[in-house]
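Number of protein chains: 6
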Amino acid sequence: MLLQHCAWPEVEAYLEKSTGVIVPIGSTEQHGPNGLVGTDALCPQVLAEAAGEREGIMVAPTLSIGMAQHHLDFPGSITLRPRTLMAVVYDVVQSLARHGFSHIYFLNGHGGNINTVQAAFAEYYSDYSLHKGPSCEAQTRLKMGNWFAGGRVKQISAERFGDKEGSHATCSEISLTQYAYPESIKDVGLSPEQAPEGHFRDAVDFRRQFPDGRIGAASGLANPETGKALFEAGIADLLDEYRAFLDS
Amino acid sequence: MLLQHCAWPEVEAYLEKSTGVIVPIGSTEQHGPNGLVGTDALCPQVLAEAAGEREGIMVAPTLSIGMAQHHLDFPGSITLRPRTLMAVVYDVVQSLARHGFSHIYFLNGHGGNINTVQAAFAEYYSDYSLHKGPSCEAQTRLKMGNWFAGGRVKQISAERFGDKEGSHATCSEISLTQYAYPESIKDVGLSPEQAPEGHFRDAVDFRRQFPDGRIGAASGLANPETGKALFEAGIADLLDEYRAFLDS
Amino acid sequence: MLLQHCAWPEVEAYLEKSTGVIVPIGSTEQHGPNGLVGTDALCPQVLAEAAGEREGIMVAPTLSIGMAQHHLDFPGSITLRPRTLMAVVYDVVQSLARHGFSHIYFLNGHGGNINTVQAAFAEYYSDYSLHKGPSCEAQTRLKMGNWFAGGRVKQISAERFGDKEGSHATCSEISLTQYAYPESIKDVGLSPEQAPEGHFRDAVDFRRQFPDGRIGAASGLANPETGKALFEAGIADLLDEYRAFLDS
Amino acid sequence: MLLQHCAWPEVEAYLEKSTGVIVPIGSTEQHGPNGLVGTDALCPQVLAEAAGEREGIMVAPTLSIGMAQHHLDFPGSITLRPRTLMAVVYDVVQSLARHGFSHIYFLNGHGGNINTVQAAFAEYYSDYSLHKGPSCEAQTRLKMGNWFAGGRVKQISAERFGDKEGSHATCSEISLTQYAYPESIKDVGLSPEQAPEGHFRDAVDFRRQFPDGRIGAASGLANPETGKALFEAGIADLLDEYRAFLDS
Amino acid sequence: MLLQHCAWPEVEAYLEKSTGVIVPIGSTEQHGPNGLVGTDALCPQVLAEAAGEREGIMVAPTLSIGMAQHHLDFPGSITLRPRTLMAVVYDVVQSLARHGFSHIYFLNGHGGNINTVQAAFAEYYSDYSLHKGPSCEAQTRLKMGNWFAGGRVKQISAERFGDKEGSHATCSEISLTQYAYPESIKDVGLSPEQAPEGHFRDAVDFRRQFPDGRIGAASGLANPETGKALFEAGIADLLDEYRAFLDS
Amino acid sequence: MLLQHCAWPEVEAYLEKSTGVIVPIGSTEQHGPNGLVGTDALCPQVLAEAAGEREGIMVAPTLSIGMAQHHLDFPGSITLRPRTLMAVVYDVVQSLARHGFSHIYFLNGHGGNINTVQAAFAEYYSDYSLHKGPSCEAQTRLKMGNWFAGGRVKQISAERFGDKEGSHATCSEISLTQYAYPESIKDVGLSPEQAPEGHFRDAVDFRRQFPDGRIGAASGLANPETGKALFEAGIADLLDEYRAFLDS
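These protein sequence lines map, in sequence, to chains X, R, W, V, S and B.
Counting from 20, one number per residue, gives the positions in the first sequence under this note's numbering.
Counting from 20, one number per residue, gives the positions in the second sequence under this note's numbering.
Counting from 20, one number per residue, gives the positions in the third sequence under this note's numbering.
Counting from 20, one number per residue, gives the positions in the fourth sequence under this note's numbering.
Counting from 20, one number per residue, gives the positions in the fifth sequence under this note's numbering.
Counting from 20, one number per residue, gives the positions in the sixth sequence under this note's numbering.
Simulated from the structure, these hints should not be mistaken for lab results.
All C-beta atoms, glycine included, are put in the ideal place defined by N, C-alpha and C.
One or more hints might be untrue.
Stated by the list, open to error - Pairs of lysine-lysine, DSS-like flavour, derived with a Cα cap of 27 Å:
(1) 162(S) <-> 151(V)
(2) 183(S) <-> 151(V)
(3) 151(R) <-> 173(V)
(4) 151(W) <-> 173(B)
(5) 247(R) <-> 183(R)
(6) 247(S) <-> 151(S)
(7) 162(S) <-> 36(S)
(8) 162(B) <-> 36(W)
(9) 151(R) <-> 205(V)
(10) 151(S) <-> 151(R)
(11) 36(X) <-> 205(R)
(12) 36(W) <-> 162(V)
What the hints assert, rightly or not - Far from chain S, by Cβ distances over 10 Å, these chain R residues were calculated:
(13) 69
(14) 113
(15) 117
(16) 215
(17) 218
(18) 247
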């Protein structure tokens with residue numbers, strides 16, 4: 020159930036039955052020579068939309084631009100400063116909370132968003148905690164889950180790619196986008212097969228260490244068949260976690 | 020050419036040929052009983068993506084959440100505060116400018132965004148103007164166009180809907196989404212046929228004046244056939260304006 | 020009735036009779052070789068003060084510095100960043116609202132302020148709209164009018180200057196200041212007689228395109244006699260619009 | 020020499036001879052039953068303008084709204100939050116510095132502005148100090164002087180009013196406005212003759228302690244004759260201090 | 020080597036030999052009935068100061084107040100909002116970087132700080148990454164380590180406390196403060212012996228779930244002897260990690 | 020009574036008896052060749068802690084980093100931007116106020132903090148003053164005192180050092196740190212004996228004028244014996260002022 024495709028009376032009716040919502044959040048950033056710039060937004064989006072359709076869960080529009088400062092030396096990457104992303108998350112939460120959404124689940128596709136989104140949650144709660152009195156408890160529960168960290172997904176990643184999975188432009192995320200967007204599969208060679216691992220600071224430092232943008236991944240192993248398996252696994256993981264969240 | 024579906028070397032290659040980009044920007048807000056909450060984001064998105072595909076223009080991911088404070092008393096509406104939206108536009112511009120995009124065209128679907136986005140442009144230019152010296156001229160041109168204000172589009176709106184078009188939940192924008200998303204057409208009655216006109220302040224004031232969310236529109240007149248005509252007209256208007264912008 | 024010249028009990032007494040106030044807002048920026056740097060602040064100020072005196076309307080002190088980033092390559096121009104101007108408007112509104120002013124009319128003299136001031140209004144309303152409950156409706160109406168856009172004023176501009184009026188350092192605004200400040204009339208030649216039209220980005224770009232600061236105006240046609248006519252027309256336009264606003 | 024009444028070529032010519040400028044800064048706040056709401060802005064304005072005219076010093080438009088949070092329980096008082104006022108001062112300084120003004124003298128009329136304006140100066144310098152390298156020294160000198168603290172002015176205050184001068188709505192500042200704006204002299208009784216002294220926090224606390232708005236002042240002693248003496252003394256004090264500042 | 024106890028020429032001399040520095044960062048928040056409010060700041064402080072003294076490493080003053088919004092319903096807890104803490108970390112980093120410190124190691128004592136401090140690091144790097152050119156690489160490496168997560172420390176915690184360690188007001192952190200501040204050991208009973216585990220949102224929610232402030236910990240098991248072991252282990256862990264960081 | 024060394028039930032018990040608290044606030048900045056970088060934080064800390072211990076007054080952790088932009092050209096100096104320090108003070112005040120602390124006394128050790136901290140107080144009060152109604156009075160009293168400005172302390176400074184005291188790296192503050200931290204006394208020669216006086220702007224300007232960091236001080240006269248006298252005097256001054264504050 021896509022929020023964008025509802026009229027407001029449908030949202031009103033939904034809130035009578037459920038006060039949960041999924042907000043896909045990702046990033047727009049390079050994912051190596053064969054990964055899509057939109058990978059981190061597209062992955063949670065396709066999983067959330069499919070789960071939402073199957074189970075009648077409201078899915079908000081994807082926050083497609085995240086915190087990607089370290090990728091900016093590669094063309095096409097777009098970042099929000101952490102403080103900007105925090106403000107976006109804050110305003111989205113406050114808007115949804117006003118309508119009575121009590122459980123807001125951010126399905127995340129980008130490791131680089133985690134700290135900032137969690138800091139935004141704390142900023143939101145701070146505005147309650149710093150006051151004393153009957154109206155100073157937040158009525159809204161916030162949770163961020165990472166699609167790539169669910170149990171079923173991780174098992175498939177481990178089985179299919181083992182230590183070639185990597186940590187950026189991973190075989191799994193590229194596989195999922197290949198399944199979801201087969202027309203956008205890139206036929207390019209990757210050298211070396213597996214990219215180096217390491218830490219990074221800013222964008223120039225990142226590109227010096229990771230010249231084609233991948234970290235630790237043999238991204239050429241990605242394939243749409245594994246993508247299909249990950250798609251089903253990701254939906255199942257998400258539904259498990261979302262239901263547990265609703266019950267909390 | 021969707022930025023999200025490119026790998027970075029494709030973006031690099033694109034920049035060799037063109038340094039223009041279209042950024043669809045909209046809003047997530049009620050559009051009356053038969054309009055989609057996502058109307059203002061979906062309209063510029065479908066037009067930009069079609070134009071981009073036909074002409075090989077790079078299209079960034081849609082900024083789906085805009086400045087919609089006045090709609091918040093209707094379930095499903097989400098707003099960014101003006102200062103948050105300004106920060107988002109600023110960061111997106113700065114990111115794209117870093118890659119060498121010299122002409123950034125925001126295709127807008129929401130009247131309520133206009134002031135804030137223009138203020139964001141001025142904020143961006145201010146950071147150049149407040150310094151003196153050789154590097155203090157911005158190399159990036161920014162423009163915002165409204166899909167609903169192009170010549171061809173306005174002619175169709177006038178011909179088909181006349182003074183029943185309205186100014187929110189307009190017949191035209193609902194028609195366009197009906198064409199683009201026929202499975203989401205709402206079969207609901209509207210009473211009165213045409214909503215009242217007026218001005219508004221905050222969300223409570225808005226809903227008091229416009230109880231079902233429409234302003235001045237007889238939104239029930241919307242139809243997918245007109246949507247198809249608007250789709251073609253919107254693409255043509257956009258391409259004209261974008262090309263003129265590139266030449267500036 | 021100048022707020023600055025009242026003692027607080029007089030303001031208290033005024034509020035018993037009326038809860039409307041006019042806030043002149045302008046800019047401090049170059050207006051070509053024969054226009055005053057203060058034109059955009061002085062014009063709304065003289066009109067508001069005269070109207071206020073004639074009709075007993077409270078007039079707040081002029082916000083003389085606006086959003087003028089594009090003029091900064093000409094000596095004497097001063098800007099507030101958009102976000103600063105937004106904060107100023109917000110705080111002024113909140114202060115006046117606290118006293119019970121229910122209708123705050125900003126009489127504006129600078130096109131470049133419009134987007135930012137409107138964004139500030141939306142920021143103010145957002146703080147109400149993002150909460151739900153009995154106290155979440157703003158009790159204050161905000162309106163910005165441009166002195167140069169009133170019906171009587173535009174008619175005079177058209178009759179006297181036609182297509183030589185221009186859009187910056189216009190014949191009309193310079194005429195009005197010449198009437199109001201005859202001792203400051205500049206006796207300088209202008210070449211070309213009429214300045215070019217165009218769009219601009221930052222300050223360096225502006226000056227390159229508009230070397231003497233004028234846009235589209237044959238500012239040498241300005242004369243204090245027309246200024247006197249504009250003065251009376253501007254007062255009448257303002258009073259009409261202000262009264263209609265009070266009745267809203 | 021009023022910046023608002025110059026055309027930009029006159030400012031350019033001025034900068035050939037002098038790079039100093041005076042910026043009057045005040046407040047819009049209650050000053051008791053017989054003091055003007057604009058007292059703190061009007062006093063520095065009339066002194067700066069007179070000094071500027073006599074000596075050909077450039078005088079910027081007055082920043083009429085300052086930090087007056089504690090006065091907000093009295094009708095007509097307007098405040099900028101400290102962070103807003105800091106941003107205003109910052110932007111004004113940066114604008115003037117861009118034109119080559121090397122000595123910016125803020126002539127202040129409101130004790131409540133002092134901390135905030137000084138903090139703004141430190142904010143401006145911080146942006147230089149936090150970087151290292153050849154361009155990291157500010158070329159602009161900033162100084163704030165209080166018109167009421169000059170030697171000649173304080174002598175007159177002491178002679179004429181002694182311990183009845185007070186610290187808000189002082190006999191001296193009201194005298195100066197009575198001289199400058201004789202048509203606005205208020206004929207009201209004050210009881211008690213001399214207001215209490217004390218400290219304050221927020222606006223409600225202020226009004227509880229100082230029910231008519233005065234602090235420590237027997238404001239009824241104010242008279243335009245003393246105002247005239249203060250006017251001349253204030254100009255002389257200002258010119259002394261400004262010249263010394265230019266030589267620093 | 021305490022920065023606070025050096026004179027600046029000693030810092031200058033230090034920088035000739037090393038450009039690394041340790042910044043202890045903690046929190047001021049309740050730690051249950053027998054834990055110190057300062058636990059999270061005191062632990063990294065005593066470890067950093069001891070390590071600094073033994074090895075001649077520069078140790079900056081402790082940032083004693085962190086992000087502790089969830090503890091505010093217990094008296095004595097103090098929080099910085101996430102955005103405030105981010106600004107603090109940013110300014111401290113920029114100050115140290117200006118002096119040529121190339122490796123800044125934050126030794127953290129509070130899990131609740133992690134997201135915010137990492138977001139601050141990203142904010143710092145963003146200001147480099149969003150620009151292009153020769154000076155757009157940060158010369159400063161930033162790292163945050165948690166004293167309680169080092170290998171030797173975790174081994175002791177596991178051996179001594181096993182699953183009674185808990186996650187707030189842990190046996191280990193209280194042991195360390197008991198060793199460091201034996202005069203402040205609290206002789207209080209705890210009921211239940213082991214606190215519940217769980218998740219939390221704001222301060223009211225936190226206290227409802229964790230009535231005495233502990234999470235999962237049998238804090239009464241804490242003892243100064245284990246504290247001594249943790250002290251030595253913590254120093255050794257820190258030195259290992261700091262040296263590895265310097266070599267990076 | 021150190022807040023950091025209390026458990027929360029002790030703070031709760033304290034609040035039954037007293038709702039006052041002392042917050043030491045200082046700076047981390049060069050203090051000449053023989054002064055400690057931590058001087059301005061250490062001085063108020065040792066005084067507050069001793070006073071707190073003797074009289075059972077709650078003492079919060081020291082805010083060790085202040086507004087020190089002008090010292091940044093000397094290694095080891097760390098600054099918060101004024102706006103950052105304002106946010107820190109604001110959040111600390113709001114946290115303490117939530118617990119019911121009604122009198123928050125900041126004992127300050129750095130002249131450069133004064134304006135910014137006072138601006139932060141005004142920011143805090145503004146949030147009350149800008150609203151109208153029963154809950155719009157702040158229940159918390161804020162005061163900042165400077166340890167070096169108490170009557171007993173100033174008398175000792177005058178007697179022992181006269182016009183050699185100076186205004187930065189003063190004989191008195193160095194004496195106090197020599198008494199408190201005898202192991203950190205620096206044995207260095209100072210040339211000239213007494214540093215020049217003057218004003219400063221940013222960090223580069225400061226160091227040009229004051230090459231070894233001292234302003235006006237013959238810091239070599241500092242001695243721990245005077246430090247001991249200042250220690251006792253400072254405690255007595257503090258207790259007097261704190262008690263008077265509590266009674267206000």
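How the hints compare with the structure:
1. 162(S) <-> 151(V): The hint holds at about 23 Å.
2. 183(S) <-> 151(V): Cα-Cα ~51 Å, so violated.
3. 151(R) <-> 173(V): 42 Å, violated
4. 151(W) <-> 173(B): Cα-Cα ~56 Å, so violated.
5. 247(R) <-> 183(R): Roughly 19 Å separates the two Cα atoms, so the pair holds.
6. 247(S) <-> 151(S): Not satisfied, since the Cα-Cα distance of roughly 50 Å exceeds 27 Å.
7. 162(S) <-> 36(S): 20 Å, holds
8. 162(B) <-> 36(W): Violated. Residue 162(B) to residue 36(W) sits at ~41 Å, over the 27 Å cutoff.
9. 151(R) <-> 205(V): Violated, at about 49 Å.
10. 151(S) <-> 151(R): 19 Å, holds
11. 36(X) <-> 205(R): 20 Å, holds
12. 36(W) <-> 162(V): 43 Å, violated
13. 69: With a cut-off of 10 Å, residue 69(R) remains clear of chain S, as the shortest Cβ separation is near 31 Å.
14. 113: Violated: least Cβ distance 5 Å, not greater than 10 Å.
15. 117: 5 Å, violated
16. 215: At roughly 41 Å from the nearest Cβ of chain S, residue 215(R) sits farther out than 10 Å, so the non-interface label holds.
17. 218: 35 Å, holds
18. 247: Fine: 41 Å to the nearest Cβ keeps residue 247(R) off the interface.
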